[in-house]
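If you want the building blocks of each chain, they are given just below.
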Amino acid sequence: MTEIIADRNTETPDYDDRFDAVVVGAGLAGSAAALTMADGGLDVIMIERGRYPGAKNVFGGVLYTPTIRKLADLDDAPLERYIAERRYGMLTDHDETAISISPGEWHEPPHNDSYTVFRGEFDEWFAEQAVDAGATLLTETTVTGLVRENGRIIGVKTDRPDGTLRAPYVVLAEGGNSLVSERAELKETEQRGNVAVAVKEVVEFPDDDNAIQDRFRLTGDAGAAYHYFGEGAVGDAFGGGFVYTNGETVSVGLAYRISDAVSGQPNPEGTLNAFKTHPAVAPLFRGGRTVEYAAKTIPEGGADSVPELTHDGAVIVGDAAGLVLNNGVHLEGTNMAVESGFHAGKSIVDAAEQGRTDADALSAYAENLEASFVMRNLRRYEWLMEAVENDREFVFRELPQALADAGTEYFRIDREPKESHAENAKERIMEAVGGYTGAAKLALRYRKIVT
Amino acid sequence: MTHNPTIVVGIKQVPDDDEVRIDPDTGRLDRSSAPAVLNSPDRNALEAALGVRDDVGGQVIAMTMGPPPAADVLKEAVAMGCDDGVLISDIAFGGSDTWPTSLTLARTAEYLDADIVVCGEETTDSSTGQVPPGIAAHRGWAQLTYVEELEPLPEANQLAARRDVEGGYERVVADLPVVVAVAFGENEPRPAGLHRKIYAENEFEPVTVDANDLDIDEETVGLEASPTNVGGMETIEGVDRERTVVDDVDELAEAIRSTEVFA
Ligand SMILES: Cc1cc2nc3c(=O)[nH]c(=O)nc-3n(C[C@H](O)[C@H](O)[C@H](O)COP(=O)(O)OP(=O)(O)OC[C@H]3O[C@@H](n4cnc5c(N)ncnc54)[C@H](O)[C@@H]3O)c2cc1C
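So the protein sequences, as listed, match chains A and L.
Yeah, the first sequence ends on 467 if you go by my numbering, and it's all consecutive.
Yeah, the second sequence ends on 284 if you go by my numbering, and it's all consecutive.
Derived from the structure by calculation, the hints contain no laboratory data.
Even for Gly, the Cβ is constructed at its ideal location relative to N, Cα and C.
Some hints here could point you the wrong way.
[Unchecked claim] Quick look at which bits of chain A chain L covers, simulated, 3 or more residues with Cβ under 8 Å: (1) 151 to 160; (2) 165 to 177.
[What the hints assert, rightly or not] Every beta carbon over 10 Å from chain A, so not counted as near; a handful from chain L, in silico: (3) A213; (4) Y220; (5) E240; (6) D271; (7) L273.
[Said to hold, decoys possible] Taking beta-carbon pairs under 8 Å as the criterion, some of the chain L residues facing chain A (in silico): (8) Y132; (9) R192; (10) V194; (11) L197; (12) P212; (13) H216; (14) F225; (15) V228.
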């Protein structure tokens, strides 16, 4: 052998306890935690099972950026469009009743911190920001379990040979399908009623370069987020549909309870096709070609389902901790993932300064999260899911039908006076809500949405 | 063979086959957006080389010829278990076809005192399969192609190979030094160990050599020295099907008889 080779040392070092923290999953929550810790001077390694961060991430999606903006410079982030219009449509079989909101303010930076993105690109960029801050990224490696010593979590096991890595802190940022946390009994497996199945397609328009601007009435980087519920969106399941504009494509999808997927709407692809061909939705996709199809689960158990967040040597963040607000009006998980990763990262930096790894030393994470919008929003809407579940027939079937009928009556053109049209319209509503007493009860039950 | 042979593996960075998009409008292959990855037949070469080291010890050194970013495939090879990696990089090599490429790799193998050179069967981006025999030819070494399995014979200073041949296999024994081309998919490439992968991707730096180190006359490599001359490209048009419908067997026989299929 030549000298140039013989003189070199390429032995494998032992990386046990060479890193201060291991982050499981380089999604939004994981990269936020890694970036925060790296900024705080810690040596961090992110372990990601995908070929690159985001490779396996399925998402609607509108990314909410109030916290990311504080951690990284969004100017060179791969954003598709800012949200300039939100539309909420109630669908029966063949009617739509919708409201649309497009405040002028949304056209101005920071655009209400709402952007469509492709997670494959965005997550890769965000993980790069953590790497630029000094974190190490290891891809194509799946964490299979945690290593414990005297009850304390002291590292992770991976699917690779020689696959154990010890580190003082482990951040579990593995997303909604949180097998590692569940196997380690840090959280319970979610009940079917608390998990939504989400399917999504990305559609392109090969023969119409202006399809998106024209059909969604947009200019420049402006984009639209349409939400739908009612029978025409997801049949008799509990959930809703969405349509979001990307740069050159449109994402269309559904999210509904897994328990309904098992019993009532067993075929997500078929349900999505029915939604896409609804008369109010189909024109948006005319001549479109599906370029991507994906399915995933979304935790939606609310505040009740959030597990213990801190453990001796470990914390749970993002979807793995059930931090998603999904109540029909709001579908927000990205902002919560980043916020939780940020607070978790900070608490680890502080604990490391004291040389402590016990759960108590990390409790600032749970406390700060409790005080932040994350837990406050989850608590605020906790009751809503339950109320809607109880009023399901009303919310998803009777109300959309009554509103459509009332609209039809109210605007009817015939030779009757408007007075009788208004009367008919009111009657249809009253019938659906159960008279004045029913309306009062509903108003009371749902007042917290607006108050 | 010596009990501690130096095994040099030639590997290459290619556009990722899985990500090469077919443009739905033109039907053309779009390679430009595909990320660069390790040529997948080279994984079988690395596995075969590491297998020999498992049996008789020695060193496995990966070599690749290309611009500096090609060092990524060396990191991957080191992650899999190679002892070292050599990047062969020089502007003079630009545009080389299989002739100067195999010349350069042959020189590098000699420079590294290789006892065994292992390559993949072919690369997914050019598919000539000419480089491994080319290395052997340039040096006058023995060669073993389409190899399914290697069996080191250290006492005899030889290497035996099981070769894929039509209808079965043959066992061939060659003296060292020898060049081996491993048949694609014949072994199960080992996954990288966790700590080795962390090291390879974050700390390992390959050795870099240029034409001067290898004592290669710049006139003998690169585009100018490449005898390949692409004569042109032709797109083959499909034949239109006639789609004749016949009512019975006799009519079918008659229809066929009127063609050139049988007289
Ligand atoms: C269809 C759909 C639409 C949505 N729409 C919206 C929306 O419009 N707006 C919004 O704010 N939110 C939306 N959400 C929710 C949002 O996607 C999530 O809340 C957010 O992605 C959570 O981020 P995370 O980092 O916690 O988890 P993830 O983004 O799921 O990231 C987890 C990462 O960990 C990796 N990983 C998992 N297990 C392992 C393991 N064992 N070892 C190594 N790596 C592992 C994964 O590969 C992944 O990269 C939507 C979700 C879905 C499914």
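Now the hints, each set against the structure:
1. 151 to 160: As far as the segment 151 to 160 of chain A goes, the hint holds, because 3 residues have Cβ atoms under 8 Å from chain L.
2. 165 to 177: As far as the segment 165 to 177 of chain A goes, the hint holds, because 4 residues have Cβ atoms under 8 Å from chain L.
3. A213: Non-interface label on A213/L violated, nearest chain A Cβ at 6 Å vs cutoff 10 Å.
4. Y220: Given a closest Cβ separation of 5 Å, the condition is violated.
5. E240: 25 Å, holds
6. D271: Given that every Cβ of chain A is farther than 10 Å from that of D271/L, nearest at about 46 Å, it holds.
7. L273: Per Cβ check, L273/L is outside 10 Å of chain A; nearest 40 Å; holds.
8. Y132: Because about 6 Å separates Y132/L from the closest Cβ in chain A, which is inside the 8 Å limit, the hint holds.
9. R192: 29 Å, violated
10. V194: Hint on V194/L: violated, closest Cβ of chain A at ~24 Å, above 8 Å.
11. L197: Violated, about 14 Å.
12. P212: Constraint on P212/L satisfied, holds at 6 Å.
13. H216: Holds, because the Cβ-Cβ distance from H216/L to chain A comes to roughly 5 Å (cut-off 8 Å).
14. F225: Check passed: Cβ of F225/L comes within 6 Å of chain A, closer than 8 Å.
15. V228: V228/L check passes; min Cβ-Cβ to chain A is 6 Å, inside 8 Å.
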